[in-house]
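Student: As you go down the protein sequences, you meet chains W and F in turn. Just remember that this note's numbering sits 226 ahead of the position in the first sequence, which is counted from 1. Just remember that this note's numbering sits 226 ahead of the position in the second sequence, which is counted from 1.
Hints are not guaranteed to be accurate.
Copies of the same chain are indistinguishable here, so a pair counts whether it falls within one copy or spans any two.
[As the list claims (entries may be wrong)] In silico SDA-like cross-links for lysine to any residue, where the CA-CA straight-line distance does not exceed 20 Å: (1) Lys-433 - Leu-367; (2) Lys-259 - Gly-333; (3) Lys-507 - Pro-401; (4) Lys-400 - Asp-256; (5) Lys-400 - His-487; (6) Lys-433 - Ile-501; (7) Lys-400 - Asn-465; (8) Lys-507 - Gly-440; (9) Lys-316 - Asp-394.
Rather than coming from a laboratory, the hints here were simulated on the basis of the structure.
Here is what each chain is made of, one letter per residue.
Number of protein chains: 2
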Amino acid sequence: MNTTRPNFIDQLHNAWHTQNSLLCVGIDPDITKMPAPLRDMPAERAFFEFGQAIIDATAPYACSFKPQIAYFSAHHAEDALQELIAYSHKHHPHIPVILDAKRGDIGSTAAQYAIEAFERFKADAVTVNPYMGFDSVEPYLAYSDKGVIVLCRTSNPGGSDLQFLNVDINGQSKPLYQHVAHLVANQWNATGQCALVVGATFPNEIKQVRDIVGDMPLLIPGIGAQGGDLAATLAAGLNARGTGVMINSSRAIIYASNDEHFAQAAAQAAQETTIEINRLK
Amino acid sequence: MNTTRPNFIDQLHNAWHTQNSLLCVGIDPDITKMPAPLRDMPAERAFFEFGQAIIDATAPYACSFKPQIAYFSAHHAEDALQELIAYSHKHHPHIPVILDAKRGDIGSTAAQYAIEAFERFKADAVTVNPYMGFDSVEPYLAYSDKGVIVLCRTSNPGGSDLQFLNVDINGQSKPLYQHVAHLVANQWNATGQCALVVGATFPNEIKQVRDIVGDMPLLIPGIGAQGGDLAATLAAGLNARGTGVMINSSRAIIYASNDEHFAQAAAQAAQETTIEINRLK
């Protein structure tokens with residue numbers, strides 16, 4: 227529907243190899259953390275200029291970009307988000323763009339969110355929440371070229387409140403996040419468009435998910451500002467071919483500096499992270 | 227923060243009594259279902275004119291309005307949503323407006339979504355998803371006048387995929403949605419700002435939730451187009467004082483007619499629903 231880009235999973239496999247990178251650069255533009263000249267602009271313009279500079283600077287070191295929609299929506303800057311994704315697609319067409327939106331709603335409403343993500347913003351993939359079940363995810367899968375990245379185990383403190391509860395499945399007890407991994411791998415992923423979010427806070431749990439889902443791509447936040455252990459994360463998350471993961475870093479890269487050399491600092495942080503990932507993998 | 231309206235829970239209690247209504251009118255503007263003159267307008271203008279007509283027509287029969295953000299976001303119509311909420315607050319100040327957004331993300335991102343809901347759109351309450359746990363809900367609670375309505379048991383077919391799984395809590399087995407009700411009632415609701423979404427598809431489950439949460443307000447979708455049983459829903463959901471619920475109806479009211487008399491038809495459908503609710507309660 228209304229895209230000429232390859233499908234997301236192919237884009238990702240290509241980017242892992244041609245970029246020699248497993249790094250996903252998270253774009254969470256917070257005006258209070260930007261360099262002074264940007265802080266003084268209208269949010270809409272600052273967000274685009276900041277994002278554009280980050281994208282150009284980090285593109286050599288990234289397998290994907292992941293803008294977080296809340297940062298834009300909080301400040302009436304959806305147009306900047308849309309322009310940013312279009313800019314990335316035009317200037318860095320080989321790098322997929324994931325819209326981090328974590329939507330979840332009944333089918334008829336999910337169909338509207340899918341329009342938002344794929345027709346309005348033209349993202350290559352979107353993050354979604356599994357709490358409302360399969361029919362809340364299905365409308366995104368109707369876009370056969372797009373990726374659908376389901377929350378499984380999140381890296382925040384409250385991630386354990388529900389996801390770590392033991393659920394009873396046919397007499398077997400397992401944590402809810404593992405059941406979500408099973409559901410997605412064995413039922414929701416019939417079209418091969420799915421991936422999972424698994425936080426870096428608990429490398430042992432990444433290993434459990436990897437064992438359940440085979441080769442499925444994992445988006446792994448929680449490195450950097452959130453403090454996850456990179457070596458343990460890679461040991462747990464890589465697939466048999468040494469890929470299969472997007473190691474997300476947002477704040478540690480995009481706010482590496484808040485002076486006028488922020489883009490150069492971001493490039494350096496992205497390069498160092500990618501080198502470190504490749505050294506450890 | 228930047229509001230002069232009473233707190234949401236007080237607004238709701240007042241509306242239940244002064245309006246003599248338990249009806250929440252869901253506003254899901256779908257351009258394909260609108261009358262011909264509106265269908266031919268730019269989406270932004272059609273959404274505002276449609277929403278304004280629905281709000282004015284149904285206000286005498288409603289205890290709350292609930293616009294669904296996806297319908298607006300899919301069509302670049304956030305400004306119409308913002309104007310609609312401002313219009314409702316100005317012309318029907320006694321009726322709280324719930325932003326149905328079902329957001330869920332880590333704390334720093336949730337803080338941005340809270341800005342979106344409460345500072346940008348100035349909603350009186352917002353729906354949120356519990357899958358990422360308490361720190362994903364906490365930033366909304368920082369707005370002490372606002373309501374935070376947590377998804378518990380949803381009315382869609384996939385609602386059972388996760389919510390109906392039995393979880394083990396201190397050796398006791400209970401469905402996940404009941405644990406969410408416990409968590410919200412006993413831990414997350416320390417400030418008294420919370421409510422729960424519990425679908426009308428399973429009245430027995432509404433009863434279970436009511437027994438867990440005491441007087442907490444329940445937002446109950448699934449009546450009307452989704453087919454829930456109104457009498458059984460009321461018997462299960464009402465609190466001891468004969469209130470405590472917002473019975474949501476969207477499509478059955480706002481698309482009661484798609485000719486030029488749609489607002490009059492919506493008023494009639496809202497009035498009939500309110501009368502039926504009051505007869506059965």
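Student: Hint by hint, note whether the structure agrees.
Tutor: Results of checking the hints against the structure:
no. : hint              : result
1   : Lys-433 - Leu-367 : neither (26 Å within a copy, 35 Å between copies)
2   : Lys-259 - Gly-333 : between (37 Å within a copy, 17 Å between copies)
3   : Lys-507 - Pro-401 : neither (28 Å within a copy, 40 Å between copies)
4   : Lys-400 - Asp-256 : neither (38 Å within a copy, 41 Å between copies)
5   : Lys-400 - His-487 : neither (48 Å within a copy, 55 Å between copies)
6   : Lys-433 - Ile-501 : neither (23 Å within a copy, 56 Å between copies)
7   : Lys-400 - Asn-465 : neither (23 Å within a copy, 36 Å between copies)
8   : Lys-507 - Gly-440 : within (18 Å within a copy, 53 Å between copies)
9   : Lys-316 - Asp-394 : neither (48 Å within a copy, 50 Å between copies)
Figure legend: structure checked against the earlier numbered hints; hints not met, in rising order: 1, 3, 4, 5, 6, 7, 9.
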